Structures are given as structure tokens and as C-alpha cells.
Amino acid sequence: MSTPKQITVTIDGKTCTGTAGQTILEIASAHGIVIPTLCYLKGLSSWGGCRICIVEIKGSPKVVPSCATPAMDGAEIITNSDRLIQLRKCTLELLFSERNHLCPMCPYNKGDCGLQHQGLAHGITGIRYQYLYPAMPIDLTAKYFGLDQNRCILCTRCVRTCDEIEGVHTLDVANRGIRNQIVVDLNATFGASDTCTSCGACVANCPTGALFDKAAAFRGPLASCQTVLTTCTECPVGCGLKVFTKENRIVNVFGDPDSPVNKGHLCVKGRYETWADARERITQPLVRGADGQLHPATWPAAIQRIKDTLAQSPDWETGLLVSPRLTNEAVQTVRKLADKFDRVAAFVAPYEAALCGQPEYAAPDSLQRLDEADAIIVLGARPSEDHGVVAARIRRAVRQRGAKLLIFHARKSGLDRYANICANVVSLERSFWKQVAETLADAQRPVLVYGPQAMSPIGVTVLERLLKSFEDKKEGTGPAVIPLPRSANSLGFGAAGLELLEEIGPWLDTKPMSFLCIVASDEPDGGARLLEERYVRPLLSEVDCLVVQAAYRSALTDMAQVVLPAVTWAEKFGTITNFEGRVLPVRPVLAPVGEMRDDQTILESVFA
Amino acid sequence: MNKTAKKPAKKPAAKPVAQPAAATAATPAKIKVATMWLSGCSGCHMSFLDIDERILELVKHVDILFSPIVDIKVADMPQVDVGIVEGCVNNTDQEHELKLLRERCKVLIALGDCAVTGNIPSLRNQFKLDDVLSRAYEQTESTKIPIIPHDPVVPPLRPKAQPLQEVVKVDLHIPGCPPDADTIWFALTELLAGRVPQLNEKNMRYD
Amino acid sequence: MIRSNVLVCGGAGCLSSGCHAVQDALKQELTKRGLDKEINIVVTGCMGPCDLGPVLLVHPDGTFYQRVTALDVPALVEEHFIKGRAYTKLLPKDEVTANLITTQRDFGFFAKQEKIVLANCGVIDAENIEEYIARDGYAALGTVLTAKKPADVIAEIKLSGLRGRGGAGFPTGVKWELLAKAPVTPKFLICNADEGDPGAFMNRAVLEGDPHAVLEGMCIGGYATGASRGFIYIRAEYPLAIKRLQIAIDQAYKYGLLGKNLFGTDFSFDIEMRIGAGAFVCGEETALMRSIEGRRGQPMPRPPFPAQRGLWGKPTNINNVETWATVPVILRKGANWYNQFGTEKTKGTKVFALAGKIRNTGLVEVPYGTTLRQIIFGIGGGIPGGKKFKAVQTGGPSGGVIPAEHLDTPVEYESLQKLGSIMGSGGMVVMDEDSCMVDVARFFLEFCCDESCGKCPPCRVGTKQILNLLERICAGEGQMEDLDKLEQLATVIKDASLCGLGQTAPNPVLTTLRYFRHEYEAHIKEKRCPARVCRELLTYTIHYDNCVGCSICARNCPTNTIFKVKGQKKYYIVEDDCIHCGACFDVCKFNAILKASDGTAHVVPPKPELEPPPGRKTQVPA
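Chains as they are written, first to last, in our numbering: chain H, 7 to 614; chain P, 505 to 711; chain R, 32 to 653.
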């Protein structure tokens, strides 16, 4: 490709250089010239609809939107003439008159609103038009956010975000003219939508309080918050988080736009499940007393209790079972203390052990390969349920670049409807594989994403068959192979050499265990999912001394003799290794309120 | 609020509450001010009073002749230089009083979001008036005897609760709920200096 | 052997006045008389004088019959085909001399027109490609493909001076040249057949009456610009045009005049239709392209222009139906022949749809430079019913009104723009003294507000605000400041809107304010509608002298506000509950209801003692 042509324009008398194809707004921003905008957002396609970023070009009688107009070499551009200022003011006044933009009752009213900002910046004290006072609906049926049509300015940032970033196109505009309205699907509510993934990207990009996060509403203007950049530990993608806090509580969680992993985008887990769900937090050690109830205790008392128990029965079979959410540093501590126990293991997803043991396949450019792929094969994984950000990338590849998508050997998922071939149960018939070969015939940059289910016996068979079909292709390279585990720090565990358990029942059962310490860390369910496995509950109840180290109360912590309070991701300091093999920082955003300690400190103080 | 007055008096009352200072060469005549609250919460007046000790400086230049925080009888509304009105126009009495003040002042200031945008009282504009009255007086959970007030003394609600400028001409808007005391002070001192106050993101709020 | 062709006009106007029944009656009668082998019935496209339909044209004599009904047919056949003389009952009359007009050539309506685009309309059977070919159809395409280079074609179009007939008047040759220069393929052509202006039916006539002209024009355009595919975007509300166009496309493919390797050359061109879905805004070219792509019909900012990035991001050229239909004529008869018509700046002819308060409603095609007076009075026959001309609205909702003092303005793009209006696509709505100019502005703003796509606030909210102001003025609630507010809003909407819809929506308001400000002031100051149109400003009073007491008004009053005068056979309207619906005015057969708009000068007639009308139990108000 030849280098793009350099062009020169004059903006407000200042000479500015840029490249051919850049918009007037891009060149102006690069030279520190501020043009007011409302519907424009970097990273989304240009809309040119709000008419606020309008500029004048010498020689043309019409104003043009600078966000959507390519700059022409030699153009003389004015951004702030009296005419433009007057038109912007009147457009803003028309917007204020259109719906019920009442600042006093809006959570964005202290500086987080784009419309308010432009109104104040333009010195608008009152409008010259009559207020229309339309009756507008409010949709509060989504779990984590709401849509208040009274505050909407129809900038369509949400529509473009949902279409171009998350790729599901749940939102669009219905009706026409003054009756325009943002709708969900075919005029459904969020609660009834079967396409919305609750990724919250629309809310993050809405300039007004129309789309707002329920847990963040009225908790503090973003301008008054501290921000900390950390990494999400809900899944092995490891998205960058930008957390806003105020007075030691989280106000909101957005994606870190500078993270090379997710580039500002999040899924429902990172965006909301990390902080916006109400869970019962364990704030101090609990020890089961003679009355059979758990009572608060001090750290020394709880630790002493454990030590005493162990000292009394040196012949006891002891075990340590850890969550795959532990940071790399906590994993090192576990390794160090491993010989203090008879058995040490980590619990992972079914068939995931094999994946965790393949760190050599992890490549730091996995997501980039996905972004360039023209054919994507998903085997034994359900990105739309387990790795929302990866699913968004796949949907974008299919919808924007026409990439082919093939899904094999996975339970039904939200990604199925985008696939060219979707085989929840894979057939071994020749006609099926002929169809696969045809679909992949023109693929120049194929990518194979495989999850834990690919390591099952059938999965392995299908994997081998797939790789063979690539060898059979006449041209093109073999696929980029991307292992995609389910557990958060799987690769960190894989490197540590710990035993990885897909089922803990057999592990508990081989020899009766008398002492078991379960490090549930900040598992959102407090480790309760372990109890869903058959026989685990009765087996655990036969453990004489069960110690659970967790952040949240659950049925599992309720079974323990000693409960030790652990910090959550928001209070941890350390690193995790994402599926690409990147070591990503986990930084504390809150100071723990209570007696909580991080996992490695607890383990060392109890067992070292 | 005085509801018995139906016809506005043509001249100022014979007994005004506060006598304006007589003009001499040394002390120029004080600016006469009237304030009023219509369908508002009086918070904007409270915010005005938050200028605290600066009010002592203010009253050197200004005479508040008519105000709910001094004394107010609509029949005696005097001719003034500046009218400051909080709250929106919700019932017919308020419409009448606002129009009267507009006649009797040179500069009319809309103070606060209710006067500028309609704000909270204007939320009822999304519904039919009959439905609003029924909800308020018949359907509320604690109502024992449902009855919509219809005494002729109670002024009827207008079809819409409107900001001031949709009823009369307004010379200056000061938005805010309430506007900061500093903003009110700034606006008044600028006016006293003979300038149009420049309000923007540095000294104005909408919430 | 066929000795005579009877052309039955099958255009939209005649269809709705019953030409099918006439056609069937003709067939039946000719068969009955054994003449069906000698007399041929041809259903053609629109002949033009839509108000006079159903119309017949008999060839070779050229006799023109108007307002033909099925019942007239036996007598007509008897007179004309058996006895060999004109059936005078159905001949048109000259307005001035009242003489009967015996041939179409002598009929002023036709004689004063110059039919170039409409040359085949009303002459050929639109569903028969061979009739089009017989009138030199596709000859231009053949010559162009075999003997001319693409650059020659563009040069010819430029020389002809052809300007886009969709309303903007952009030089077509220059537009084609921009597309020809685009380096990206594939390239597309679009025919804008959305024709959204209310009162416009010029394109409809061409599509229904001579569809091949459009197809041939697009093929020639494709060759000249390097485009390989054409789309005709046609509004869904034209089912007959869609049907005829599809027949034409199928026939063209069948005859090898569309598709691969036309005329044995290596030039191939495909055309398909895309149907609209009921949005005026989709007549705007960028919104039109989004609609073809299956997206919401919303305009996009320009630049980039369609010739750079159009359909699916590829270079595209959009022209109006009339522009495309002119192209074959120009290539066949030559640019120098074509540019003898018209004026210095605007060459050729334009089809206008004359509608409203005019005697000869219908389609007229005249050279540019013809004056408004010549069109409205010369061809249109002036205002019927002895009423006075008030204004003519040109250019649809994007245009403006032009008052009587400018009737001698020659019609062309620049001259109409100077008057504050636009040429538009050719709609001309004539108004007389019974048209209220404020109501006209309100009507067009209501249309634009309803049709606005809603993308940009100046148009979406601005048109609603300006409509609210006009509705208040029409309801008698306006104030003088409202006129300044109207002008302020109009300026903002014009200047800040994204597309042509918003940029031209205020034109009806601005021109009516400019030329008929006194009507606005009457509505505001006197609460009076001088044309007696605005309902809230009307009063209905019973004129005792004419009232015979038949009670039909009382029986039709929806609010039961008409009562009988006690002891007399007269009736009285109690104005308090009158909603000014005009039902009484419509049903009274004795001219006893006075419809007036006196505004503040209105005096309520003294109320006599009243009783309920007979048979009614309505209570007399206090």
C-alpha cells in the first residue's frame, strides 16, 4: 500500500497538516482545536446527525459536519463564526425543548452529561422555543441498567455501539421524525430481549442520562471519583478495567480504552457482575462454636483454632483445594506450602485440565489474529456465555468483514445464529465434512478457537479431523490455534504444576480426608458451585475440619468449621495470566473494610 | 397567598410596606425590587438568602418592596424596577399575578429551574389534567374521602404547568435547582452595574 | 384491415374516472357492430388533460373526445364509425369562442405544449415494446453502442444543456463525467422514481406510459459512465407503474435490449426495480441509497458524494425519471436540436403537473422560459367558477407560493429561486381566493414534519416547533411575536439541517410570509381568516331571509347546537357549542347558512327564544 497523501488545511487561520481521508474533526483534534460534538465518539462510525460539530468551508454556502466530512487539501475552515455559534445554540435549544431534560432529577447532572456540558459551555440560560413535554416511557427491566427516554437526544451512539462494538445490534431507532425512539429489538423491553447481552457498552457510551447504570446512579459524579486501572478476573480473557471509586466504594466500572486486550469493551461479567450484584460479604473470621453456630472471631483466635486442630491430630489426612481465580502470586504461595498437605489441587472446569496444561499454545497476538480472521472455527467453547468480549470480536468479524463462522461440539449458545455451520453434535459423515471444506475453501486467515470441551474424547476426534481438513486444503495456511479455557487464571495454574481437578468428588473419596482447606477466594458464589457436583456435599460434611477461605458467604462457607475472610478482585494486588499468555496486573481499587486479607497472606499466616 | 383579590389595583397601594429612600444628589434612588414565588418550593429564595452578609451590601442599593420574605399583598403590588420570580405558572391565580408583575416591572428575572424550564411541576404535563387530579385527590393510598377540590376559592390548574417565558416576556433567566447564591449575587451585581450578566459553565448550573 | 385506432387513455386520472368501463363498452359495441376487425383499441399512457377524463383519441382523424362514459359508447360508435362524423356531445369546447374543437391539433391544451419527454405518452401501448421500437425506440442506444465512444456521449449530453429534472437542476453531463472519472468498480446508476411531492404525477405518467424511455436512457448512461447495473427506486404507492415497468424490463431482456452484450458489443447492463416503503425522505438521494441497501432511510452528510461513495460504498449516479427519459431523444435527435428549446441557462422542456383550482388539471410539457401565466391561463384554462387567481405553489413542500404580480415570470430554475420558491420536480398547485395562505403553509409543514426522518434536531424538532406556531395562528391563538419566531426558526432549520428535506421545509412559510403577510396579521390581530378556511376562526350564522325552517341543519349538527326559533319556522345556531365543522353549511339547500370569518368584528346575532327542533329532546341552553 502506498503511503497516504499528506494534505494541508487552514482551520481558524491555523495551518494544519493531515493525511487524505481524515475528517476535519480528526485534523482539528490533532492540532488542539476544540470543536464541540455530541453524537461523535472515537471508535464508532461517524453519524453527522447532531449538527453541533458543524463548520464552515470557504467557498461553500452550506455548513458541514466536521466529524463526517473528509478534509480537502487546501480548504479554509472556520469552526467558530457567529453564524455557527448561533446555529449550535439554536440546535441545542431545540434539543432541550424536545423532551424532558430535567437536570435536577438525573444521575448525570453534576458534569457527566454531554448535553448539559454543551448547554453550559454555550451560555444557554433559557430557551426561546416552547417545551414540548412529551410523555416518554422508561424501561427499567434490564437487571443492571435503565433506559429513560425523557433524557434521550437520539444521538444514536448506543445504536452504533451495540452494532459495531458488541455486534448484536439490539438497539435501533423506530418511527420517524419527532416520533423517533430508541427501541430494543422489535420494540421489546430489555428484560424480554433475547439479543441483549447486558454488556453495558451502550450505557458507557450514552452522553446523557438516558441509559444509566442502576448501581451507579447518584453514587457520585465521575469527575469527582478516583480511577484505578486493573484487570478483570472473571474469565481468562483478562480485560482491562477502569474503576471509578469515591470514598472507598465503587461508583462504576468501565473498560480500559488503552488495554490491548479489550480496548475499552467489557462483557456483563466484568462490567457488572464484578461489583453490582448484592452479595453477603464475610468481613471477619468466623469460628464454629460449641453451640454449632459460626461466631465472629479475631484472626489470632481463628488461626490458633486451626493450628490446634492440626496439632491434635497429626495423622489426619490433610488437603488444600484452591480456586483457579487465585493470582499468580497466590499460586506461588500454594506451591510453596504444598508439602504441608497430603493433597493439593485446584478445581477447574470439565476437561479444562488439558487446556491449562498447554501454555505453549498461548500467543500474545491471539486476539489480533481473531480480529484479522476471515474464517473462525469455535470448537467446544461457548464464548457468548463464557467470554463475552471474544464473542463480540467474533460477531464483528462475521457481520462487518463477512468472515465465516463454524461452531462445533458445544451446547447451544447465543453465537449459533451467526454461524454458517453450527453443529452442536458433530456428525462424522462425509457429506458434512464436504460442506465444512467448501465453507472453508476461500479462507486465507482461518482461526481455530477451542475450549475445554474440545479436550473431551469426541472433541479431540473433531479437532484432529478439523486440522486434517486444513492440511487437505490446496492453498492457504493452517489455522491460528487459540486455546480458550474457562477459568480465570488457568494459564497461571498450568505453569505451576499443581494437580488440576475437573471433579473433586473422586479426589475427596480416594482416602477420607479429615482436614480440608478450600480457598474459594473471591468466587462470586462463595464456592457454592462445588456443592453442585454429585456426592460432594456428603463427602465434605464428613471432613472433620473444613476451613473455607472466601470473600462471600455461601452454602459452602456455612458448612465450614472456620471461615476466613478473603479480599475480592477489588482489593487484590498481584497478576494473572490471560489466555494469550499476557501477565496482567491486578491492582486494588478499594481498601478492605473489615478483617479481610489476601489469599497468600492468609495461607502463610495459617500454614507456614 | 391572597386569593380574594380579583381585579388588580391600577396604582400602587396608598400604604406601601417599605418607603424607598428619597433621592438626593449624594444618594441615588434605590432600585426597587419585587420577588414572588409561584409553583416553586421557595428553595430559590432560600438560595438567595444564602448570600448571607452580602445582603447588607445589597440593601444599600436595593429596596425589596414586595416579597414573600418581607410582606406581600397582591392588591398592593407596587411599580418596581426589577421583578424576580421563582416557580412556574401552574394555576390561573399565578398566571394573573405574573402578568401583573410583568406590567409593573421593567426587568423580569426568572429565578431557578421551575421558572426557566418548568422543572418538577411540569412533569404533570405528560398526563391529562383530569388524570392528574384524580390521582392526586382520589387514588392516593392515604386518601379517605376521595374528592377533587372545587371550591371557587381554589384557583383551577391550567392545562399545562409552564415556565415563565411561555406566559410573559422574560428578560433574564437564572437556571439552577436552586441557582447558587454566588450566581444570584453575580447576576444582581452585574445588573446593578448596568451590565447584562454573562452566565456560562463557570458560574451557572442546571441542577 | 385496421382502418382506425382508438386510443383510450389509461393514465391514472382516467383510470379513476372509469376508463376501464369505457374500454369494455367499446370492445363490446364494436364487436356487436362487426367492426372489431377494422377498429383497433389501444390503451395508452396519460394523454395529459386529467380533469377531462376518460378521454379518447381517434386516429387517423385526430378527433379528441372528453368525459366519455360507458353509456355514451353506443352513440359514439354509431356517429363516428358508422356515420363517419364527430360525436359533438363529447367534443371539447374552446373557452374563448365556445366553438367545438374537432381535432387534437386545434385543442389549445395540446397545441401550446411541446411534448418531448411525453412524446410517446398517450400515443403508444406502454405494455408493448414493439410500439416503442416503432417510434424509433432503442435506436439511440444502438447508435451509441456501435458508433460512439463513452466520452462522446457525455459531450453530447453536456452540449444539450440537460439539467437534472429532480429539482436541483444540476448539469447532467457534468454529473455523468464525475461518475465516469471514478476509478472504483462496480459503478451503479439509480433512477429516482420515488416522486414524493404531494400533487406531483409527472414521473408516474412516464413510468406508466413510456417506461422504455427510462430503460434506454439508463443503458446509454451506463455506457457513458462505465456503470454496469441500474436500479429503479420506485414508490410502493404506484402499483400500476411498477407493473408496467416490470413488463417493460422483462420485454427488454427478452428482446436483448437489456442484459449481456447489447447490440453485439461487449457492453452489458442490468436493471432491476427496488420498491420504496412509504417515506418522502427516501426521495433524497443518500436516504434512497440507504433504503436500497436495506437500511433505515436516513440521509448521510455529503461530501462524500454518491459519485465517490454511493451504493454499498461504490460510485453511483442518481437521476430523475424525466432526466433519464430525455436522454434517448437527445442522442437520437442531437444536442443541437434539443438546446434550441428553453432559455439561455436552462435548455429543453419540463413536464408540469397542474393541479388545484384550475380548469384543465393534468400534465403539461412546455419549454423552459414559458411564463407562469401562459401555463396557468393559456394551457390550464385559468381558474374555474369565476374565482380570482391568488397564488401558484411550485416545487411541492420544498417550494413556495408565487403571487399574481409575478405571473409573467418565465419558468426556469434561477427565476423561481429569486422569487423564493423552487422549480422542484414540476408540481404546480394553483390557488384562488378561497385558499388560505397560512393554512397552505401549515399543510406543507405538517407534511414535512410527518415525513422528517428525525436524524437531525433542526429538522426533527424545528419543523414540529414551526408547525406548532402555525397551528396556533390558524386557531386564532397567535401573537405578533410569532411572526418573528417563525422567521427565526425558518432560518435555523434551513441553515442547520442535514438534507434537502429540512433545508427546504421552511420555504412555504417564508414565501407566504413574504407575499401574504397581511393574511398572517389578519389571523393574529383580528382572529380572522380572510379566505374562510381556518376552522376555529369561522362562524356560521343562519340567514333568516333564506331560511325555510326545514331543520336539516339541526338534524346534522354533531353538537346539537342548532335550535328552532320559538313560534317561527326559522332556526338559530347557538355559537357557544359550535365546533365550526360546516356540516350545516354543506347540507343547507337554501343558501341560508352564512359562513364568515369576521374575527374580532364578529357580532353574535341576538338570541331569540328557542325551542328544541321537532323530534329532538335537546335542552335549550340558558
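Bear in mind the hints are in silico, worked out from the structure with no lab data behind them.
Computed from a predicted model, the values in this text were never measured in an experiment.
Hints are not guaranteed to be accurate.
List time: in silico BS3-like cross-link candidates among lysine-lysine, alpha-carbon distance up to 30 Å [stated by the list, open to error]: (1) H:Lys64 - R:Lys376; (2) R:Lys120 - R:Lys58; (3) H:Lys68 - R:Lys525; (4) H:Lys68 - R:Lys449; (5) R:Lys124 - R:Lys449.
Checked hints:
no.: 1; hint: H:Lys64 - R:Lys376; verdict: 26 Å, holds
no.: 2; hint: R:Lys120 - R:Lys58; verdict: 21 Å, holds
no.: 3; hint: H:Lys68 - R:Lys525; verdict: 10 Å, holds
no.: 4; hint: H:Lys68 - R:Lys449; verdict: 18 Å, holds
no.: 5; hint: R:Lys124 - R:Lys449; verdict: 37 Å, violated
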